[in-house]
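Participant: Protein chains in written order, with my numbering: chain A, 1 to 61; chain B, 1 to 793.
Mixed in with the good hints there might be a few duds.
Unchecked claim - One side of the interface only, derived from the structure: several residues of chain A facing chain B at Cβ under 10 Å:
| hint | residue |
| --- | --- |
| 1 | Lys27 |
| 2 | Ile31 |
| 3 | Thr35 |
| 4 | Tyr39 |
What the hints assert, rightly or not - So the derived list for chain B, only partly shown, Cβ under 10 Å to chain A, looks like this:
| hint | residue |
| --- | --- |
| 5 | Cys101 |
| 6 | Val123 |
| 7 | Lys168 |
| 8 | Gly175 |
| 9 | Gly182 |
| 10 | Asn183 |
| 11 | Phe207 |
Said to hold, decoys possible - The list that follows gives simulated cross-link-like pairs (lysine-lysine, DSSO-like), each with its CA atoms no further than 27 Å apart:
| hint | chain 1 | residue 1 | chain 2 | residue 2 |
| --- | --- | --- | --- | --- |
| 12 | B | Lys447 | B | Lys482 |
| 13 | A | Lys27 | B | Lys168 |
| 14 | B | Lys567 | B | Lys602 |
| 15 | B | Lys86 | A | Lys27 |
| 16 | A | Lys27 | B | Lys584 |
| 17 | B | Lys113 | B | Lys35 |
| 18 | B | Lys651 | B | Lys567 |
| 19 | B | Lys651 | B | Lys584 |
| 20 | B | Lys528 | B | Lys602 |
No wet-lab data here; the hints were simulated from the structure. Think of the CB as a built atom: it goes at the ideal place given N, C-alpha and C, for glycine as much as any other residue.
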Amino acid sequence: MKIILLLIGCSLVLAVGFLIAFIWSVKSGQIDDTTTPAYRILDDDGTTGLSSDEPLVDSKS
Amino acid sequence: MKKTIQTTACFHCGDACRSDSIRLGEHVFCCEGCKTVYQILEQNALCQYYTMDDKAGLKMDKPLSPGKYAFLDNPELSAPLFQFKKETTARVQFFIPEMHCASCIWLLERLYKLLPGVMESRVNFDRKEVAIQFNPEEVSIRQLVEKLSALGYEPSLNANREEKKDSKALLYRLGVAGFCAGNIMLFSFPEYLGMDTQSKEDFASVFQWLNVSLSLPVMFFAAQPFFIQAWKGLKHRNLNIDFPLALGISALFIRSIFEVVFHWGPGFFDSLSALVFFLLIGRWLQDRAYESLSFDRDFKSYFPLAVEVISEEETNMESAYVAIGALKVNQCIRVRNQELVPADSLLLDGKAYIDYSFVNGESEIEEMPVGSMIHAGGRQVGGAINLRVARPVSESYLSALWNQEEKMEGEERIKTFSDLVGRYFTIALVLIALATLLYWLPINPYKAFYAFTAVLIVACPCVLVVAAPFAFGNAMRWLAKKGIYLKNPDTVEKVARVDEVVFDKTGTLTEGSAHIEELYGVLNSADKTRLGELFTQSSHPVSRMMARYFSASAASNPISIKEFTGKGFEANYLGDTWRIGSRKWLVGQVGDIVSSSVCIEKNAKLVAEFSINWKFRSDLDDLFLDWELPRSLYSGDHASSREILERWFEKEAIHFECSPEMKLEVLKEKRESGHFPMMVGDGLNDAGALKEAWLGVAITEDVHAFTPACDVIMVGKSIHELPNFVRFCRNTLKTVKFSFLFSLVYNLVWMTFAVRGELQPILAALLMPISSITVFSINTLGIRYFARKEAIQ
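Can you make the complete structure from the sequences, with help from the hints?
Facilitator: So this is what it looks like as structure tokens:
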């Protein structure tokens, strides 16, 4: 039954790892803004900037 | 000549265009500003902007004065705006109040296409902020701000915006508490399953000591905010809602430690950490609700950030921009139209017409002779004036005045329902817990401690901490979707108490536009341009409408202007004397015209007259016919539309020709007689009355026109929602009261067990979150139900 102590040690290390991952994610700003990315994903022109109104693009750019 | 309102919508901002003269290609615009923004976007192939949201564009009818951001060229003044600055990279973060839809995000994140030198811009929509990284060698911060302003996204440059650090600290605490609570629960399994005490003694003590060590971060890191708040409350001799929490948590902790040390039992570390975890979740939700709903009402944001300082010699009119904090006594400053006087100053020259409505709520404009003292916070209406600073900004009369008001508000807040309940509940709870402790102490010391903790925990008032702000914040969110904006969550409670309504007419019951007809006039086109410029100087709804009628832009030359409240104004402009105002004032007799009219005199000769037919909003039947609250109308106009109004108001409740002071008096009387009047009016002209009322509702066509005195800002086209709005707030308060009653009964029932020492603290800690969750659900579901019912969704 002593093995249970080892298992507990492992589980604690794992849990601490998750805690550190969480703290890191907060620190790096991943939870700062939960709204904007939802809008950002709807922009379809990530590449060239050419948008739906192409005649204008042709004449000006 | 006759102009009718066009149904064409402006291609940029979507407002109705008053004429189709401003056009580009097949697109029609309501004003030059909107057209300019469209041109900028078109040239940069960013027209997708318009396809993303129906009402993407921002109305651009307030032209930007060219020198407004000149102060940013001064490195000393712009320094606080930078988050980071090196030779080729700099980073700034702007708060942009106008940000409102997906298109805004789209355009702001494509700033690099509009302005070479911008490397990246990132939007945080919840906080209405954009972080911009740019190369200061290619583009200056002034150009950046001016470009944003030209697009309609004028950043608010008050440097004192709250940092987000607190919320991050809370997240760390939440993470730690969750981690510890989870693990402690795991190590408590032996106790839960009853497999420890005799046979596996060694394991039990290992687990117990693990629990002790895991509970330390919970106590000394995660639960810290409760102790700090409780201590703050104690220092002010006030038992706040955090006090029993802090007491309960520490009692639980100390007792558990004793249990483990003296081998009495396993302690209650699982309850303790779960308790802190749940409480922090509640805090976090509350903070989030506050943050996204915060009405940035920071006082400093009304002040211009820098002021133009001029040198004293008459001949040398050089000027420079100086930050307000650096302003010194005896410096000369220039304040232009609509700018606020930043410090108490002496008037040197120029015609000062100071509007103190912001300071004392009286919307009368005072004319000040040269040499008189002008107090900080006054707003100049008219041409530019030169002033000499008499007292530094910090000592200013205004900040004292404002602080005074803050204090008053603080006292008033305690009267709100949730605060009252919270306060007495806390005191009662602590007393009951102490009584329990004292009762059991001589009989059974072990049980005494046990019961004391159980009482504090089972009746934990965290529901009260969270429920009301959460419910009101939720209600605010529903209302904002309908175009009704509340100053703060407590306003919901204020609305619920309203027992009568006072209306203003012009701009409130009438639409922002009117049918203007030129009755006669001998005006050439130069006259018309000048008239337009004159009308932009006044903020009266009639003037604003006339300015629009003339498609006016801002005045290019100095105007000396004098307003006569309720009559009109007089102006000297480019050598001509203009008098513009009501027929009664200028001609003397009212004549046979039924509608209101504006007469225009040039050099003491009547040159034109316009009739103004206010168009009542089309949804007034919806507003009035099914509304039980007593209501009255006080209008500054003359009685031309009495017949129409009698459809909606009692005959005796309609009052015409009221000055702003009279409205203020009326509201004062109503309040003194114990009523809770709601004033519905135009924010700019009724500021005094709005402030005097129990609840001030400013009706505005343009939400961004800021109105300091009111509690609620409502978009004009939502006015028919007023009855629903009041009903909704009442029902919200009822929901909150019901949930309080529920938790009170629930707590009382369990408290009877706890007082008798029959409730284990661990069970108490389990019962507590159940009550919280129930109360949460009652509030959320109840408010959603009422929002649907009143069609506020």
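Participant: The structure should be examined with respect to each hint, and the outcome stated for every one.
Facilitator: Okay, the hints, checked on the actual structure:
1. This hint holds: A:Lys27 has a C-beta 8 Å from the nearest C-beta of chain B, less than the 10 Å allowed.
2. Because the smallest distance between the Cβ of A:Ile31 and any Cβ of chain B comes to about 6 Å, under 10 Å, the interface hint for this residue holds.
3. Of the supplied interface hints, the one on A:Thr35 holds, with its beta-carbon coming within about 5 Å of a beta-carbon of chain B, less than 10 Å.
4. Taken as an interface hint, A:Tyr39 checks out: its beta carbon lies about 5 Å from the nearest beta carbon of chain B, inside 10 Å.
5. With its C-beta approaching chain A no nearer than about 9 Å, B:Cys101 sits inside the 10 Å limit, and its interface hint holds.
6. For B:Val123, the interface hint holds, the least distance from its beta-carbon to any beta-carbon of chain A being 5 Å, beneath 10 Å.
7. Taking 10 Å as the C-beta cut-off, the interface hint given for B:Lys168 holds, the closest approach to chain A being about 6 Å.
8. For B:Gly175, the interface hint holds, the least distance from its beta-carbon to any beta-carbon of chain A being 5 Å, beneath 10 Å.
9. A hinted interface residue such as B:Gly182 counts as satisfied when its beta carbon comes closer than 10 Å to some beta carbon of chain A; here the least separation is about 7 Å, so the hint holds.
10. Checking B:Asn183 against chain A: minimum C-beta separation of about 6 Å stays under 10 Å; hint holds.
11. Here the hint on B:Phe207 is kept, as its CB sits about 8 Å from the closest CB of chain A, short of 10 Å.
12. Proximity of B:Lys447 to B:Lys482 is assessed by CA-CA distance (about 55 Å); at most 27 Å being required, the pair is judged violated.
13. Restraint check: the Cα-Cα separation between A:Lys27 and B:Lys168 comes to about 8 Å, which is no more than 27 Å; the hinted pair holds.
14. In summary, the hint linking B:Lys567 to B:Lys602 is supported, as the alpha carbons are separated by about 16 Å, within the 27 Å threshold.
15. Restraint check for B:Lys86 and A:Lys27: satisfied, since their Cα atoms lie roughly 24 Å apart, inside the 27 Å limit.
16. About 67 Å separates the Cα atoms of A:Lys27 and B:Lys584, which puts this hinted pair outside 27 Å; it is violated.
17. Pair hint B:Lys113 plus B:Lys35 holds up; C-alpha atoms about 19 Å apart against a cutoff of 27 Å.
18. A C-alpha spacing of about 26 Å is found between B:Lys651 and B:Lys567, which places the hinted pair at or below 27 Å, so the restraint holds.
19. Of the pairs offered as hints, the one joining B:Lys651 and B:Lys584 holds, with about 25 Å between alpha carbons and a cut-off of 27 Å not exceeded.
20. In summary, the hint linking B:Lys528 to B:Lys602 is supported, as the alpha carbons are separated by about 12 Å, within the 27 Å threshold.
The structure fails hints 12, 16 (numbered hints given earlier, in ascending order).
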